[in-house]
Structures are given as C-alpha cells and as structure tokens.
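Chains A and B are the protein sequences, given in the same order. Letter by letter, the first sequence follows residues 1 to 334 in this note's numbering. Letter by letter, the second sequence follows residues 1 to 196 in this note's numbering.
In case anyone wonders, no lab produced these hints; they're calculated from the structure. Among the clues, some could well be false.
Under the rule of at most 30 Å between Cα atoms (straight-line distance), these lysine-lysine pairs were calculated in the DSSO-like manner [what the hints assert, rightly or not]:
hint, chain 1, residue 1, chain 2, residue 2
1, A, K107, B, K55
2, A, K328, B, K165
3, A, K70, A, K149
4, A, K70, B, K89
5, B, K89, A, K107
6, A, K107, B, K26
7, B, K165, A, K2
8, B, K127, A, K72
9, B, K88, A, K107
10, A, K22, B, K55
11, B, K22, B, K193
12, A, K70, B, K55
13, A, K40, B, K127
14, A, K22, A, K202
15, B, K33, A, K332
According to the in silico footprint, chain A covers these stretches of chain B (three or more CB under 8 Å from chain A) [said to hold, decoys possible]:
hint, region
16, 13 to 24
17, 40 to 54
18, 72 to 86
19, 137 to 146
These figures come from a predicted structure and were not determined experimentally. C-beta atoms are modelled at their ideal positions from N, C-alpha and C, and glycine is treated no differently.
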Amino acid sequence: MKETYILAIESSCDETSMSIIKDGHIEISTVVLSQMDIHKKYGGVVPEIASRNHVQNITMVLEECLEQAKMKIEDIDAIAVTYGPGLVGSLLVGIQCAKTLAFLYNKPLIPVHHIAGHIYANRLVGDFKFPLLALVVSGGHTDLIIMEKDYSFKYIGGTLDDAIGEAYDKVARVLDLPYPGGPRIDKLSKEGNHTYTLPTPKDDNTYDFSFSGIKSAVINLVHNEKQRGKKINKADLACSFQDTVVNIICKKTMKAIDKYQIKQLIVAGGVAANSGLRISLEKLCSKAKVELLIPPIKYCTDNAAMIGCAAYYAMQNGKISNLELNAKAVEKLN
Amino acid sequence: MTYLFLDTSSSTLILSLLKDDKEIDKIILENSKEHSIYAVSKLSEILNRNKLEPKDIDRIFVTVGPGSFTGIRIGVTIAKTYAYCLNKKITPISSLKMKILEYSGYDSYVSIIKDKRDLVYLGIYDKDYNTVFEGLISNSILQEKLNELSNYKLVESENDDVDRKNLNVLKVIEYYKNQKDINPHEVNPIYLKEVI
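Generate coordinates for the entire structure from the input sequences, incorporating the hints supplied.
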C-alpha cells in the first residue's frame, strides 16, 4: 500500500508547531517552537502576543520541519491543521498557512479538532483497542470521551467550570509558585503529606467534574492562615490538593471503564504529564486489567505530531475542508 | 511580469493582479469581518479565472501596516507562506504610504489612520514619497507636526478605512516595484503599539 505523508500545523495557543507524520503513527519530523519564556513574565498566555509570534515564526518553523524530514511539500499527501478550540488569533495563523499550502500545492486540507489531536498523540506509542475511554486533562479540558472506532467520539462527561490544569495554575499562583504552576505542584506534592482537609469535588453519579470549589477552598485556606499569622506548609497543601483531585478523576474514570466495558484507557493533554495521576491510573488499570496508554511527556503538551496522527484518521473518515476553513474558539468534539 | 497585490489591513479585502503595468483583475470584498474565511479562496479564484498557476506570479506585494486592524496578519501570513514556498519576491507595503501615491505635485504628503483612542498613525513623506516619519502619535502632537509643513496633501482615514475600495493599486505598484524585496521570513506586520 502507498505510504501517506501528512504535514500538520498546530498553533492553537502559544506553541508554533509543525510535523510530518507517515501513515498516522510514524513521526518523520516535528518542530515545536514554544513561547513559554515570553509569556512567563505575564503569568499566563497573552493572546495578542501569542498571535504576533505565530506570524513571525510560521515560515521558519515550516522550513525547519521540512529540513529535518529531508522532504519537500511536493512529497506530502495532505495538509492538516488545528481549527479549534483555542485562541482565535493564534489558530488563524496556522489556518492561513495551511490553506495557502493546500492551495499552492493542490493538496487536501484536513481540519483537526485540538482534542482529537491530544487523543491521537497516543498513536505515536501504541495501537488503539476499542471501545476505549479517553481521559483528556489539560489547561482547557477535563473530558471523558468514548471511542468505539477510529475518529468517532462520544462525550460522556467533563468539567462544568474550571479545567483541571486551570485549577492547578490558580492554586500554584496562590502558593507563589512560578508559571506554569501545574508541574511545580506535582513536584512539591511528593515532598509533602495529605494533611489538609479539602472538599471532594462533585463526588456523585455523573461523569462530570467541578474544580472551582476546591480551587476556592485552597485560596481561602491560604488567605485565612495568612491572616492568622500562621505559616502554610506548601508541600503538604500541594499534596492534599493533588491527592483530592487525582482521586476524584480516577474514581469517575474507573466507573466509566466498568460501565462501558472499556478495553483501553487513553490519557491525553498537558496534565497527562502529572506523575500523581499517572501512578494512580497505572495501579487502578492494572488491578482492573485494562490497558493504559499515556504518551511520553513531549507528546502531552501541544504539538503538531498529534495533529498529523489524528488527521490520517480524519481523512479516512472523509473530513476534508475547502479553502474557506475558519478558526473556532469553542468547538465540541464529535 | 505578473504581480499579485494583497491587502487585508482594513475591513476591505483587496486582491489584484497586474501584468506588464496594467491591472488585469481585481477582487474587492467590502466591509468584511471574515478575511480569515475568504482570503485564500479568493486568491484561488482570481488566479483560476485568469488561467494562472500559483508559480506564474513573479512578485507579491502585501500591506503590512502600521495599524491596529487585526486582519492584517491574515494577508501577511498568506503572502509570506506563498513567497517562501515558491521562492517568489515579496515586497512589504506601508498602509499609510500607499494612500498618498496617487497624488503628485506637492512638497510633502501626509497620511493619517485614526486609532480608537486619542491616537493616530501618522506618515509624512517628501515630494518623492520618501518616508520622513511614520509612527503612532497622540492627536495633540499631530497639529504641531502639520504646522511644520507647507504645500502638503493630507489623506485621512478611519481604522477600518471604508474607502479602501477606491485605492489606486496601479499607482501603489508603480512606486513599490522599485522598492526592495525582502526575505519572506522577515515579512511581519508593523504594529507600532505594544500589547501591554
């Protein structure tokens, strides 16, 4: 069978990334230009700065990606791009570049949903076994999605307010940890014990999550202790927070695995890098005899390799766009 | 020589094809908030209906600002990707200067794009259209700057520039074809305004 090469572009937030993927799972080359250091001093991503940097970098990232692969665009079979969800000003730079390439070289244009990309990051490390459950945990998402076949997504629950990564960042800020706070809390929690009592968020029969309550509880606790002149044990508080949120995520995930007779659990998104979550899921999946797939950390954060994998299956399912593709800030995965 | 002119620096999308110093076709989408949707498909349309392949364009001219219209980065991204991939010459055009190029016979030319607050993008050019000043200044300084000039032509427009459709593209290209082309990687919008 003929090999299929896809050039994928991802610019939904603060990473300008391009990748060439063969047959939906073999990485030929990937370039990720992170703007992390630029946004660090503002304590978060500034959309206008992110967009400006994408415009500045886009052709250089393309050049580097092609050079690494030792390929020309003529050798590519399709152009893929993240069309949403994300920051519109950022998304549209990748989209304009992708549309221009599709037009110049007369190649099919494949729009990819950012979360489908995170899920398909796992194809870089293993095969999918259906029905599978995808747990998507990131700065913008905490979703549980069932897949019965390739590129078919059934949403069964998700966060009703803050995403898990957002809660981590806000808790990190109140503990005066530098941006991005998630990995810092994860690291700090290993040095502490679960000594603070925090409310268990949305411990019910649904597959939905809520993290604004526990986030506020941590913020209030820190402020109250400060007013009383007491010192916060940051490591213990980090541990208590991480323990509580990891427990509820694991509980609902395992419940869904049982109910839907899931063969494989896939973890995706930036928070998949969280060691507390990884260790708990490893234990639970091994006990439940469910295969667990977690991508290496470099594929957990935003990258175009995952978009190139997802695009292969999107294309097989007929998802090809014309040149009027537009960015979508908010978009459900289905 | 076949030239492509692309302008997404106002709410009017302009695509123009020029051949041997004549404008052979033009697409204007007025009052469009949707450059993001239509820019590439209209580019495809204008080349197709003139039986041109992307490689047939010899040089690309794209407006790069200054200005605060966010659509500007759409044209710039398309143009730099095009020029980089097919190894075409690319020349950035000032959205202030291009508005005065259809006038002649004055000692100086002044182009103003009003910004939302008390700010204006100001361009001052000499009799040969060389740039004397381009910048973002407050309204109060504007009058001082104008008082220093005599026998000048003033062209004024709003941020979304509703009259952009009347732009004399031929005059713009006549001037800019003698200006330098630059490396596509270095074609970027001129914002003048800091984000924070």
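Hints, verified against the model:
With a C-alpha separation of about 15 Å, the suggested pair K107 of chain A and K55 of chain B falls inside the 30 Å cut-off, and the hint holds. With a CA separation close to 29 Å, the supplied pair K328 of chain A and K165 of chain B stays within the 30 Å bound. Under the criterion of a C-alpha separation no larger than 30 Å, the hint pairing K70 of chain A with K149 of chain A is inconsistent with the structure, at around 34 Å. For a cut-off of 30 Å, the pair hint linking K70 of chain A to K89 of chain B stands: about 24 Å separates their Cα positions.
Between the alpha carbons of K89 of chain B and K107 of chain A the distance comes to roughly 23 Å, so the proposed pair stays at or under 30 Å and holds. For a cut-off of 30 Å, the pair hint linking K107 of chain A to K26 of chain B stands: about 25 Å separates their Cα positions. For the proposed pair K165 of chain B and K2 of chain A, the alpha carbon gap of about 48 Å is over 30 Å, so the pair is violated. Of the pairs offered as hints, the one joining K127 of chain B and K72 of chain A is violated, with about 46 Å between alpha carbons and a cut-off of 30 Å exceeded.
Pair hint K88 of chain B plus K107 of chain A holds up; C-alpha atoms about 20 Å apart against a cutoff of 30 Å. Our distance criterion of 30 Å between C-alpha atoms is met by K22 of chain A and K55 of chain B, whose separation comes to about 27 Å. Annotation: proposed proximity of K22 of chain B to K193 of chain B is violated, straight-line Cα distance about 36 Å (limit 30 Å). Pair hint K70 of chain A plus K55 of chain B holds up; C-alpha atoms about 22 Å apart against a cutoff of 30 Å.
A threshold of 30 Å between alpha carbons decides the hint, and for K40 of chain A with K127 of chain B the separation of about 47 Å lies outside it, so the pair is violated. Distance hint between K22 of chain A and K202 of chain A is unfulfilled; the C-alpha atoms sit about 42 Å from each other, more than 30 Å. Proposed proximity of K33 of chain B and K332 of chain A is supported: the alpha carbons are some 24 Å apart, at most 30 Å. Restraint check on the region 13 to 24 of chain B versus chain A: 0 residues with Cβ-Cβ distances below 8 Å, three needed, restraint violated.
Counting residues of the region 40 to 54 of chain B whose C-beta lies closer than 8 Å to any C-beta of chain A gives 5; at least three are required, and the coverage claim holds. Restraint check on the region 72 to 86 of chain B versus chain A: 11 residues with Cβ-Cβ distances below 8 Å, three needed, restraint holds. Note: the region 137 to 146 of chain B has 0 residues with beta-carbon separation from chain A under 8 Å; the three-residue rule is not met and the coverage is violated.
Checked against the numbered hints above, the structure violates hints 3, 7, 8, 11, 13, 14, 16 and 19; every other hint is satisfied.
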